[in-house]
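Participant: So the protein lines, in turn, are chains F and B. Mapping to the numbering used here: the first sequence position 264 is 525, numbers consecutive. Mapping to the numbering used here: the second sequence position 325 is 586, numbers consecutive.
Note that these hints are calculated values from the structure, not bench results. Mixed in with the good hints there might be a few duds.
Identical chains share a label here; the pair holds if one copy fits it or two copies do between them.
No more than 35 Å apart at the CA atoms, straight line, and that leaves these computed lysine-lysine pairs for DSBU-like [claimed, not checked]:
1. K392 x K331
2. K534 x K336
3. K598 x K336
4. K598 x K534
5. K320 x K598
6. K413 x K534
7. K320 x K534
8. K534 x K331
9. K320 x K392
10. K534 x K392
11. K413 x K336
12. K413 x K392
In this text, all values refer to a predicted model and were calculated from it rather than measured experimentally.
Number of protein chains: 2
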Amino acid sequence: MSGLPLSLVLTLIQSKNPFPMIEPKKKQRKVLLLVNLFSAANNDTARIIDGRSAAEEIKSSIAIEVSRMKESIGKVPGLAVILVGQRRDSLAYVRNKIMACHEVGFRFSIAELPESCTEDAVCDALSNYNKDASIHGILVQLPLPQHFDEGKILNVLSLEKDVDGFHPLNIGNLAIQGREPLFIPCTAKGCIELLLSSDVEIVGKRAVVIGRSNIVGLPTFLLLQCGQCLQRHHATVSIVHAYSENPEIITREADILVAAAGVPNLVRGSWLKPGAVVLDVGINPIEDPESEHGYRLIGDVCFEEAVRIASAVTPVPGGVGPMTVAMLLLNTLEAAKRALCFT
Amino acid sequence: MSGLPLSLVLTLIQSKNPFPMIEPKKKQRKVLLLVNLFSAANNDTARIIDGRSAAEEIKSSIAIEVSRMKESIGKVPGLAVILVGQRRDSLAYVRNKIMACHEVGFRFSIAELPESCTEDAVCDALSNYNKDASIHGILVQLPLPQHFDEGKILNVLSLEKDVDGFHPLNIGNLAIQGREPLFIPCTAKGCIELLLSSDVEIVGKRAVVIGRSNIVGLPTFLLLQCGQCLQRHHATVSIVHAYSENPEIITREADILVAAAGVPNLVRGSWLKPGAVVLDVGINPIEDPESEHGYRLIGDVCFEEAVRIASAVTPVPGGVGPMTVAMLLLNTLEAAKRALCFT
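In isolation and in its complexed conformation, chain F is listed as follows (with noise of 0.2 Å):
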């Protein structure tokens, strides 16, 4: 599916469904079972952090909670899609966002611009979603082509369905202590997620996260560092980025490492301190002739360096990225409660 156009997978997945979600997601499972047996075969190796099965796990309970809406009050979360150009990392994303939506019986829309469109056209799409009471959550896959202003674009998106948690003002209110955003960044989010449900101690640790992007790495650091109301997580937070001298060392004092720089296999076990437990955000892809695109896609740890120091590490792909996903539908289904004041 992944050659055909996202209007048309969206298109086909909502009126026949022909492409059943549950052949790709087995062979998935089977590799990571896998490593997970390995691992459990042999004590020097890290616990693998399955991100996916937490992932199907939350998508469950959306889905049920979907359900009882739509019992309830006749009505459906609605994510909707700004994608501009066609780079093939986004249309992958988007792609997945568009199945994840169909699982839990979202409602989805998208708004595809050619890469040549202009900045009003952009906010023209996204003023159309803030007006549809059917659409809670609006999202513009970034990045955008180099050409476009992305702040004047994401102002114009209501805060109330900033499903991403980009809007400024509610990074501000993740930022200041006792304030609460609307949203919290998924990727973040997820990422403290998978944390709390490996029963990984948060509280007083030293954690490094490497790279500093807008998405990832600064809301990744609020949340370790602070947290929300309800879940504080009080780590010492290091964030290490390109300007730094000696990465490796500082990145060896961590308790709990995030790789969010982008760089294929930057972090190499000399850099992890024994029994640190690693979550990997990279999403590279090689070059792999002998898969089916190509390609194939890896973190930015070498996977099969960390599993001999680290405690615990997410794999690529099946790690940090389906709770990005995940992330994205439970804050949909968060702002479509809130407008329709469903509890």
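Guided by the hints, dock chain B onto chain F, whose structure is given.
Facilitator: Chain B only, in chain F's frame:
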């Protein structure tokens, strides 16, 4: 003058200026000079970063700008403070602000409310200043009494007059790379200015901020880590706080240390990396029967020990404190220029 009600201080200053500012300043300068001489006489001791003289320089250039504005358009920047209750430290801070405004030729207004007043009364005072065209900057002196909802009150403050930079939209825009806040919180901005004016290299260096308050720790972290559009700082920053395990070990990694914990003498010499640059934000009153008011102010850093280990250190008082006030004036000048379209 410290025992007088603030409104009276203001009236006295604005009418007759009966208390020449030169006296206390001369006294403080003398102390600082002694420290500097001591530093110069012994190469093993740290350079003292003289925040008072850096602040004086900034205030001089602000005063020149104010004169230019007055001559050109017949207007001057106006700052308003809302003070609830009678906390001793708040009174002292507000007094400093009144005097600083007077020095540079700003209009100053204060709304003094009793601790027993309602949130609505505070919001009304804020709304009045929001509408007052002669006021370009407003600040609510924090902390507010415990029963107040600080967030709710600060939400009323006009973003264009938020010269403290504490509005969540300002903090969000400070946090997000590629965006710019209207105002940078004063103490954080003052710390960076002190580093820059002392020719301290920041890029790639390890910085530790002790304390994660909304008003100092968090914005200082954000500025050190990223900076703003024209000033990119790129330090590798860690935040240490009350839950941090082994804070002394982490602090000892810092090339640049910003101590903002509010704990007198928390940071001992053994916590410092030899040659570190130390900015002490703490202003802690401790009992001192020999001093005029029965107490004196000390920092979060044990100064006597720090001067033997650090390469540079700010004194308390006379370090970061005066810079905070200077930055408040600078923010207010910016706000006035923006509001009056004066360049």
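Participant: Run every hint past the structure and note whether it holds.
Facilitator: Tested hints:
no.	hint	verdict
1	K392 x K331	within (21 Å within a copy, 47 Å between copies)
2	K534 x K336	neither (49 Å within a copy, 61 Å between copies)
3	K598 x K336	within (10 Å within a copy, 51 Å between copies)
4	K598 x K534	neither (42 Å within a copy, 52 Å between copies)
5	K320 x K598	within (16 Å within a copy, 52 Å between copies)
6	K413 x K534	neither (42 Å within a copy, 43 Å between copies)
7	K320 x K534	within (33 Å within a copy, 49 Å between copies)
8	K534 x K331	neither (48 Å within a copy, 61 Å between copies)
9	K320 x K392	within (27 Å within a copy, 49 Å between copies)
10	K534 x K392	neither (50 Å within a copy, 56 Å between copies)
11	K413 x K336	both (32 Å within a copy, 33 Å between copies)
12	K413 x K392	both (18 Å within a copy, 27 Å between copies)
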